[in-house]
Amino acid sequence: MTHFFDTSDQDFRIGEKPYLLDRENRGAIFRSAYDARLPVMLKGPTGCGKSRFVERMAFELNLPLITISCHEDLFASDLVGRFLLKNDETIWSDGPLTRAVRMGGICYLDEVVEARKDTTVVIHPLTDNRRILPIDKTGEIIKAHPDFLLVISYNPGYQSVLKDLKQSTRQRFVSMTFDYPDPEDEATIVENEGGIDRQTAKKLVSLAVKIRALKEHGLVEGASTRLLIYAAALLRQGVSPKTAARTAIALPLTDDDRLQETMNDLIDDLF
Amino acid sequence: MKLEMEQELDKQNITLPPIERELDKLKIADPGTAAFAAERLETLSLHLTGETLALMVHDTIFGLTHTSGLAKAVVNAHLDLVQQNAGLDLQTRFSSKLRQAPANTPGEAEIIALFFGSVLLCRRSGMEERFDQALGTMKQRGSFHSTHECFSLVTRFLGENDIQAAALFLELLHETFSAAMVFSLHQTLFQALPKAIAPLPAPKRPWLIRGLRRMVRTDPTAFGHLIKGVRNGLCFLTEQGFDLFLTKALETLAKDRSRGERFLALESRVATDWFNEIKVVVILDDIQAKLQRYMALRTGRNFTIRPVREDTGTICVRSNGRELFLPNEFDRYPDKQSNKELATCLTRLEACYYEWGSFLFDMEKLVDLHLHSHGASQDQARFPEMTKKVSDTGTTNDMTRFFGCFNDPVLARNLFTIAEHARIMHRIRHFYPGMVNRVLPFLREEARQMASVTDAPPLPLILYARIAMDRDFAATLEKDLNDHGLLNRLDTLAAGLVSHESGVEASAAFVVEAYPLVEQHPVQFLNFTAPFHRNIDERPYFKINANTYARAKEIKILLNKGNAKIYTSDIRQKLVENNDTISLDDIRELLLAHRENQGMDMGSLTAIPGLSESLPQGKNTLAPSPVFGENVSVYKEWDCNANDYRNSHVWVHDTGFPECENDFYQTTLNTHPGLVKKIRHTFELLKPETVKIIRQSLEGEEFDYRALVDFAVDRRARLTPKENIYIKRLKQERNVAVTLLLDQSRSTANQVKGSEKTVLDMEKEAAVLFCEALEVVGDSFSVAGYCGSGRHGVRYQTVKGFDDALDQGVKNRIDLITAQGSTRTGAGIRHAISKLDPVAAKIKLILLLGDGFPNDVDYKHTYAVEDTRKAISEARAKNIVLKAITVNISTLSGLNVLYGEFRHNVISDLRELPDRLLSIYSSLTR
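Chains A and B supply the protein sequences, listed in that same order. Going by the working numbering, the first sequence opens with residue 1, and the numbers climb by one from there. Going by the working numbering, the second sequence opens with residue 1001, and the numbers climb by one from there.
Derived by calculation from the structure, the hints in this document are not laboratory data. Just so it is clear, CB atoms sit at the ideal spot from N, CA and C, and this is done for glycine as well. If a hint is listed, it holds; no wrong ones were tucked in.
Not close to chain B: a few residues of chain A, all C-beta gaps over 12 Å, as computed:
(1) Lys17
(2) Asp110
(3) Ile132
(4) Glu191
(5) Arg236
In silico lysine to aspartate or glutamate, EDC-like type, Cα no more than 20 Å apart, as pairs:
(6) B/Lys1883 to A/Asp255
(7) A/Lys242 to B/Glu1341
(8) A/Lys202 to B/Glu1501
(9) B/Lys1248 to B/Asp1219
(10) A/Lys166 to B/Asp1837
(11) B/Lys1290 to A/Glu261
(12) B/Lys1878 to A/Asp179
(13) B/Lys1842 to A/Glu111
(14) B/Lys1561 to B/Glu1364
(15) A/Lys137 to B/Glu1701
(16) A/Lys166 to B/Asp1803
(17) B/Lys1340 to A/Asp268
(18) B/Lys1336 to A/Glu261
(19) A/Lys242 to A/Asp255
(20) B/Lys1870 to A/Glu221
(21) A/Lys137 to B/Glu1702
(22) B/Lys1842 to A/Asp255
(23) B/Lys1290 to A/Asp255
(24) B/Lys1878 to A/Asp256
(25) A/Lys202 to B/Glu1355
(26) A/Lys137 to B/Asp1704
(27) B/Lys1870 to A/Asp256
(28) B/Lys1728 to A/Asp78
(29) B/Lys1842 to A/Glu114
(30) B/Lys1842 to A/Glu72
(31) B/Lys1878 to A/Asp255
(32) A/Lys17 to A/Glu191
(33) B/Lys1340 to A/Asp257
(34) B/Lys1290 to A/Asp256
(35) B/Lys1290 to A/Asp268
(36) B/Lys1565 to B/Asp1585
(37) B/Lys1728 to A/Asp136
(38) B/Lys1878 to A/Glu221
(39) B/Lys1290 to B/Asp1644
(40) A/Lys137 to B/Glu1699
Extracted from the complex, chain A is given alone in its bound form (with noise of 0.2 Å):
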């Protein structure tokens, strides 16, 4: 069978060491499953440091990792793969997850409730003592590379119960919890990723801790990590406090007028 195209592992493997703060052991328990090449789910409100700890663990292990970004969109054919036309005959193209279990690594389904929920079946054979990928178009059936292994992430804060995981799916893998790390090393992350001073990503912070309090006023989430680094990526690029923290952090969250109104208010106090 010919393939569509012959990518390297290499195109897969982190090449920088990506930043982390390792928080409750998490590092030691996705290697010990790594070990015993068990699935993992990751799961924590967005923005709070998911995708990136499979990044991390990816250079550690040195592993490829394939990163798919679930979407309603996403057929079993964008993951296993399909036909494809070239010069004159049809050519046979490997999905993104047919392609790491053939070559290894990490396949990170990132928040895989957004899938269609039959799209997720596909994964059962891999995700159990099979360790197998059956192709229906190609009747090919293919064994995992011994360094595969797969991870997928959800936010559980996403109250649409219509986006949550069977169970059948549910009980295929090892779970880590997620979730906004303490304020001081919210402030380390803040300090190192946004590339500002200790004093402001501390001021960051706490706007975020306040903010995440507002949940009961009506806020669906609070502010993610990722917003306040996003905030500091802007502090970094000579926008003012004030503009960095309502444009990243205040505006993304709500169209909620009274609720902006009360956030503006602690931007103003706090810079």
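Guided by the hints, dock chain B onto chain A, whose structure is given.
Just chain B now, kept in the frame of chain A:
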């Protein structure tokens, strides 16, 4: 007759001393009145001269010739004049005015007796004339009662020393009642005027009365509307604003009477817009929610914002850990923005106490961290009282105990305020630099104002300005200060102790050191008032939070018995953070923070007798549990008075319906054939195709063969073929789940105007059409009714669950909904949420169909509204949208508060309900 009687009396009393003789004259005329006069004289312990007394008795006997009531009023008036040192001259004027009253109008004499004295006492020229004019015109038009009411208001104003308002009101009375108008209008105005003017706030009286006078002059018939407008908020305008408003209103009135009247009463849209534009006063109600959110953001706690109870005329702010008290109106500045900013800044400052633990002061920490630095033995000598009180196991809180260690607790408390505000300012500068420039201008202005009322700015205020505000500003106050010695010493002391890193105990340490220094000049420090009256007073805080303190203390004592080192304030902080609960893990964490506990076996904690039992595990754990086996769900309820949830407070009984055959469903469909057809059509359009096929796509699962052929052909023809040769299938889903929640309380049994049907009948018909429509569109839906009878008796009747098919059983059940009980909406919504939450749908909706406001046993007014609002925000937090549809109701504003401005619809003509319900639904989910 009068003269004869008096002559007779004179003859009889010729031998008695003057006072007794005069009173005896009165006794002969009427023993009752004489006794009254004697008693009053004794109570007031007044010494009347013979002339004064003679005049009083003379006038009283004159009064007796009319009524005994008038006589008593005369006695009172004379004695008031004497008491206020009016002098014989004023008394004689009073007397002659009284005697001028025509004999045939006793009411006039009584009005004079009752109210003229206060007019004389104000000693302003022109007042007497105004009184005469007003009385002159009123006695011809009004009744005694209405005149009495008007003049008693004048007296009240004079008593409050608001002479301007009294004069203006008298002029208004004269002008109103001398104007030519029909009798009935006069009568109306007689009643309306005092009622309108009595509640006006003192500083605004003069210009509001002038405005009312302008109204009477221009168009007295519309006067009532203006009074309504004043009640509706016009009094919140400034003088210029009110003048502007009135000019505009009178213009409108001249053009269009009915529009003008609504404008005056502040009932038209144009008027409210205009009003909001020119209003500069900020009303607490308008900014309450904003301030509440801000407090929650800063402190992580819910504060209730309330107006300060007493109106002191100055701006002051206070709080007690649960409530924040602010003035009801902010009108210091000529623009709205500044007034709003002032309110926000005061809230900002107040939040600091809770964010930085001012009330978490701990005596033990103070001794450990600050006083021990002097050496323990010295310490005992220097602060014997304090060291003794540290180990006090009583229930008095640490702060009060600390202040009690000083000879004068007030002095200590004032020093503490200065130091604590300094600490807070350090922290503001450090953590919230943006806040500094916002709060300082207000603080400076207030301090400047406070300094200006005294000859030389008081030392404590200068110290406050130096350490708790800014030094540059303090320098402007220091100019007139002769001796800087004490100021500099206190300043240095504070600088050594208080910084942005120090805890509240540092402020207390300052008090310990500074107290002996200021004890020599206590007066200034005793009278110290912080800007905006923000003097720290722990008593209201600990009154509200006494339980938390007691619990923390109890736990601490138990732990100390187990030889563990822990501070009460740390336990308190945990309790406050965790909503009055604390776990063993929390305690372990606190214990580990102390070096003294390093070797301690944390596992042995449970062995400390009584500890596990004393850990509070949340409120109301003793609430009775529902009978097992019943279909009962237990919910919390929001108590706006306590500003907290009442856990496990409400029981909702999810009951079903008996089996019963009926044809209500079909009959309803038959009665609205046109509507049903229309609904089917509209909802058919809402229904999506299940799968949308996109051809000639750049990607997809299958080849689009037509495109593929084109591709091949192009290639053969050596053209660059297009690559969009795939078919893509997109599944489109309407992913909506909706609950139609019907209020089935007794009030829905009321008949609808112009129809034989009741509100509930209409609701049921709407439910039928709703089911029909949703069945067409395929959305997942449920229908339920709710009602209440007390917190343990809320009923929730499910007509159709999400999983039920729309079968005959469901159709039968719709008709079985009956009007019963009252409306406990919060519980109804919470139960609906619990059912809707697990349903897998992208959009989740609750449509609440009701006929008014929530109301149940112990569930009324604000409490009910606030709980319902809370339930709605709980729904929002779960991504459930609640839309309320209210029928048979005319007020809009209340509903805005209840559901939020865009979250409700009012259907005044109930017959539109079925049609409107569906159009609302389709626009919500399109």
